[in-house]
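Here the protein sequences come in this chain order: R and V. The number in the numbering used here is simply the position in the first sequence, starting from 1, with 1 added. The number in the numbering used here is simply the position in the second sequence, starting from 1, with 8 added.
Since the hints were derived computationally from the structure, they do not count as laboratory data. Hints may be right or wrong, so weigh each one.
Stated by the list, open to error - EDC-like, lysine to aspartate or glutamate: derived pairs with alpha carbons at most 20 angstroms apart:
| hint | chain 1 | residue 1 | chain 2 | residue 2 |
| --- | --- | --- | --- | --- |
| 1 | R | K127 | R | D45 |
| 2 | R | K130 | V | E55 |
| 3 | R | K127 | R | E112 |
| 4 | R | K127 | R | E137 |
| 5 | R | K127 | V | D48 |
| 6 | R | K63 | R | D75 |
| 7 | R | K130 | R | D45 |
| 8 | R | K130 | V | E40 |
| 9 | R | K130 | V | D48 |
| 10 | R | K127 | R | E59 |
| 11 | R | K130 | R | E112 |
| 12 | R | K130 | R | D119 |
As the list claims (entries may be wrong) - Restraint ranges, calculated between C-beta atoms of paired labels, are given here:
| hint | chain 1 | residue 1 | chain 2 | residue 2 | range |
| --- | --- | --- | --- | --- | --- |
| 13 | V | D98 | R | S24 | 53 to 61 angstroms |
| 14 | R | A133 | V | W13 | 19 to 27 angstroms |
| 15 | R | N115 | V | S70 | 50 to 58 angstroms |
| 16 | R | A133 | V | S70 | 39 to 47 angstroms |
| 17 | R | M227 | V | R52 | 36 to 44 angstroms |
| 18 | V | P96 | R | G48 | 52 to 60 angstroms |
What the hints assert, rightly or not - Covered by chain V, per the in silico footprint, the following chain R stretches (three or more residues, Cβ under 8 angstroms):
| hint | region |
| --- | --- |
| 19 | 37–44 |
| 20 | 135–145 |
Just so you know, even glycine gets a beta-carbon here, dropped at the ideal spot from N, CA and C.
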Amino acid sequence: MSALFEFLLRQGDNALVLGHRVSEWCGHAPVLEEDIALANTALDLIGQTQMWLGLAGEVEGKGRSADDLAFLRDVWDFRNLLLVERPNGDFGHTMMRQFLFDAFNLVHLTELANSTDDRIAAIAEKAGKEAAYHLERSRNTVVALGDGTEESHARMQAALDALWPYVGEIFENDSVSDELAADGIAPEPASLRAAWDARVQEALAEATLRHPEGDFAHRGGKTGVMHTEHLGHLLTQMQWLQRAYPGATW
Amino acid sequence: MKNEWPLWEVFIRGRHGLSHRHVGSLHAPDAETAILNARDVYTRRNEGVSIWVVEAAHVTASSPSDKGPLYEPANDKIYRHPTFFDIPEDVGPM
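Construct the entire structure; sequences and hints are all you get.
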């Protein structure tokens, strides 16, 4: 598997798995306005998935489409971060996960817009505008609920503490990222940490949330070595139709 | 205790040069969030280039029961319509 293909799967699978998770809120969000906003976010992410996985299939050169990659791979083939496969929890938990990811996504896409690969730069340019909006929305919600009632504050702090061990993986370099960084195709994840920290710390301070200590990190998502048990359950839902009725279209 | 978010009236300008039009209403905890909600609820299909939100409580409306005194006196004052003036050809459609 080439490093470029692997990288594109990471990009596509992050957007796909998080997009599916967010779509699980459809019809269940606490208020109608948030329901529509979450559905919009999910659709944006699925749109980004189509671009990343579409390019991945092209780069792989085996004739696999974005749909093939999304619906016909099993857990061990997925390259998404563990963070995005975490279950939704309550609304605050979902928005905290969204905020942590959006901050990374925006910082990353901003750098990718300067990629030496024009196709990647073009996707990053388009997706970056969506990510900027997602971040504004998730950041505002984290601040409002963090600096809200005693109940909402406690829930946001619990969400932050529970999700923090999944942050470290985002910024780990490996042989894939080394190769892409050397070619100027994508930045090293570790180089994005300072910009991410600045955005996150500023928002957490305004949200009156305590910044978690410790840097223990669960890993294994983006390398595909060890996903959590939650991804398999997600895929049974997401891939059910193609598994039951192979090749079904409408 | 009041748990409902306030209601906001949403106005959207479809294109540059047009005026903002009332498109509907939504709930939001504050003005900034109301703008974001309006973006998500009312501009999903490229409807707008500008959004205004106004808290519904700040809109003062005329009362339907005042319809007679407010509007009927204008019914028989046809001389207020500009149909009695000759408009020069070169002014074009008005």
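Evaluated hints:
| no. | hint | result |
| --- | --- | --- |
| 1 | K127/R - D45/R | holds, 10 angstroms |
| 2 | K130/R - E55/V | holds, 18 angstroms |
| 3 | K127/R - E112/R | holds, 13 angstroms |
| 4 | K127/R - E137/R | holds, 17 angstroms |
| 5 | K127/R - D48/V | holds, 18 angstroms |
| 6 | K63/R - D75/R | holds, 18 angstroms |
| 7 | K130/R - D45/R | holds, 10 angstroms |
| 8 | K130/R - E40/V | holds, 19 angstroms |
| 9 | K130/R - D48/V | holds, 15 angstroms |
| 10 | K127/R - E59/R | holds, 19 angstroms |
| 11 | K130/R - E112/R | holds, 13 angstroms |
| 12 | K130/R - D119/R | holds, 17 angstroms |
| 13 | D98/V - S24/R: 53 to 61 angstroms | holds, 60 angstroms |
| 14 | A133/R - W13/V: 19 to 27 angstroms | holds, 25 angstroms |
| 15 | N115/R - S70/V: 50 to 58 angstroms | holds, 57 angstroms |
| 16 | A133/R - S70/V: 39 to 47 angstroms | holds, 42 angstroms |
| 17 | M227/R - R52/V: 36 to 44 angstroms | holds, 39 angstroms |
| 18 | P96/V - G48/R: 52 to 60 angstroms | holds, 55 angstroms |
| 19 | 37–44 | holds (count 3) |
| 20 | 135–145 | holds (count 4) |
In this structure, none of the earlier numbered hints is contradicted; all agree with it.
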